[in-house]
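*Asks:* Listed below, chain by chain, are the residues.
Protein chains: 2
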Amino acid sequence: MSKNRQYRLAHRPVGAAKETDWDLVTELVPNPSDGEFVVQIQHLSLDPAMRGWMNAGRSYVPPVEIGAVMRAYGTGAVVASRHPDFPVGELVTGEFGVQEYALSDGHGVRHIDRRLQVPASAYLGVLGLTGLTAYFGLLDVGQFQAGQTVVVTGAAGAVGSTVGQIAKLHGGRVIGIAGGTDKCRYLVDELGFDAAIDYKTENIRQALRTHAPEGADVFFDNVGGDILDDGLLRLAHGARVVICGAVSQYNSQTGAHGPRNYLALLIARARMEGFVVNDYEDRFGEASEALAQWLADGRLINVEDIDHDSILAFPETLTQLFAGKNTGKLILDLGSAP
Amino acid sequence: MSKNRQYRLAHRPVGAAKETDWDLVTELVPNPSDGEFVVQIQHLSLDPAMRGWMNAGRSYVPPVEIGAVMRAYGTGAVVASRHPDFPVGELVTGEFGVQEYALSDGHGVRHIDRRLQVPASAYLGVLGLTGLTAYFGLLDVGQFQAGQTVVVTGAAGAVGSTVGQIAKLHGGRVIGIAGGTDKCRYLVDELGFDAAIDYKTENIRQALRTHAPEGADVFFDNVGGDILDDGLLRLAHGARVVICGAVSQYNSQTGAHGPRNYLALLIARARMEGFVVNDYEDRFGEASEALAQWLADGRLINVEDIDHDSILAFPETLTQLFAGKNTGKLILDLGSAP
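For the record, the sequence lines run as chains X and Z. Following this note's numbering, the numbering of the first sequence begins with 2 at its first residue and continues without gaps. Following this note's numbering, the numbering of the second sequence begins with 2 at its first residue and continues without gaps.
Check each hint, because a few of them may be wrong.
Copies of the same chain look alike in the list, so a pair counts if it works inside one copy or between any two.
Said to hold, decoys possible - Once the Cα atoms are required to be at most 25 Å apart in a straight line, the calculated SDA-like pairs of lysine to any residue come out as:
| id | residue 1 | residue 2 |
| --- | --- | --- |
| 1 | Lys4 | Leu234 |
| 2 | Lys19 | His108 |
| 3 | Lys201 | Val89 |
| 4 | Lys201 | Gly256 |
| 5 | Lys201 | Arg261 |
I should point out that these hints are in silico values taken from the structure, not numbers from a laboratory.
This is chain X alone, in the form it adopts within the complex (with noise of 0.2 Å):
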């Protein structure tokens, strides 16, 4: 019988997650029960979100608690089935965890569609909570209109590089800020933003004084920190600060560092909204056709960057994103194809 291997959480983090702060455990691969199937996974998804469920104390989902196998959104084939709606060869696509094999009762389960001729992993991509989330978070919170300007902070990152495109193909102007010469040329040549800042290069500021002289309308951040502060010194008036995330600040062990600029939101008369895409779910479907047309038109590029190795590669991947060595969503590939 085929065993399963699976990260479990055996420590809270101090800083950024080491190998230490796993347990790698091999169980057998679980036998469904009626109602239930078992998936064998070939993507996992990778998130900065990661670091957050690994925390206690209340955020936005229960954190991982100690010995629990690592929560993962990832894609498979399911193997094994006594569920009418979930036969043996269907792809699926769900909240499966960082293991080799998931056993599943269907919920939060969505089933992918083959007749899409997409990869598989788009699901995890624009098809998936990624696309939802900047979907949501640029037209929704950020009440991005045509003709804007979208600032996007992580923008060769998964949400990044979708929120940049959607607004391009709103009509918007889009500048991105992102980490190295290669991710800032990818931006602009091949997802057409109108203008890429480097971060590790630049002068924010200046840049964004240059590629956005009246101000950003939309300001969506998945990163914080300084980054953060220095684009609250380039609102337009009545702009929406966007916060989708802070992966700058979640590694911190002395805690978040605050936007010292907030009080620019009062002189440009802006906001600062958070949000969970989890919270739009009644409209994932508008969503969702939406976002499988741009794919399917080539209006929107599902960016990603897939890593084929075995599940032991878990601990170092993880490493890499918060590196920010990756260009779009990136994905490890078990390589468990059907």
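The hints should help you fit chain Z onto chain X, whose structure is shown.
*Replies:* Chain Z alone, transformed into the frame defined by chain X:
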């Protein structure tokens, strides 16, 4: 001929404004030209915003220039006039500056309605920008609804005490945060707040947990700093954080302390929004009428702290303001009542 004593800005202060940052200048009272009039100032309004006006650089109003008369709102009587709408004897309120006499062309000057039978000083409090700030900040920016919980900081200040009262008369639950037992007792016993937290002696987080167990629907912030940080951890789902001011930060020499807990906006799906009351100018009529009616009905108390002295007391009185000594609107009465 009468003399006009004025305080002009000598230096941009580092930290708190000092006596030496001012030049006391004595001029002759000017003669009005055609279309002008002269006001003898009775009440000078002392406002936290004054500290910001003394700084160089972009804000919601231009800075006071070095050598210029310090900006201040006031009331007074017209004592010389060549303006048909502002005859001698008329009581008026406007941005007259820190001086004993002001020359005006009527721009931005309001008539004081003696028939309302309220002291002229109320036009610097609930019938002036203070009341309007509380009104639009709470009802419009804060989107307050009956039955909701409002937490207001700087609660014994001019704006804070008005915000709490307006929330009460609209059916809210109101918790004020203020400094000192006397102020806290006043908020509860005289103004009808549901609870008051003394930031000097109480643990704010714990007290908020007790008094606002479901969190704040509106967190109306006048102070910034640690108190704002504590409040961010007690937001109800969908809360509005209204940024009206940050009196704890204005004298900072190291830049404002940013709200470290701003990611709570994400957890609570909350927004933080800045505003400037002048943006609501086209709705001042509606609000002023409501405020005057509540005042006449005795449902709203114009809380004020009047220092009767000469204009020479201005620098010291301003220092008292930032030390939080006042309850309600701090006014310097120059004793020139007609």
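*Asks:* Against this structure, judge whether each hint is valid.
*Replies:* The hints, checked one at a time:
1. Lys4 / Leu234: neither (54 Å within a copy, 44 Å between copies)
2. Lys19 / His108: Neither: 31 Å inside a copy, 65 Å across copies.
3. Lys201 / Val89: Intra 48 Å, inter 65 Å, cutoff 25 Å: neither.
4. Lys201 / Gly256: For lysine 201 and glycine 256, the Cα distance is within 25 Å both inside one copy (23 Å) and across copies (24 Å).
5. Lys201 / Arg261: both (21 Å within a copy, 24 Å between copies)
Of the numbered hints listed earlier, those contradicted by the structure are 1, 2, 3.
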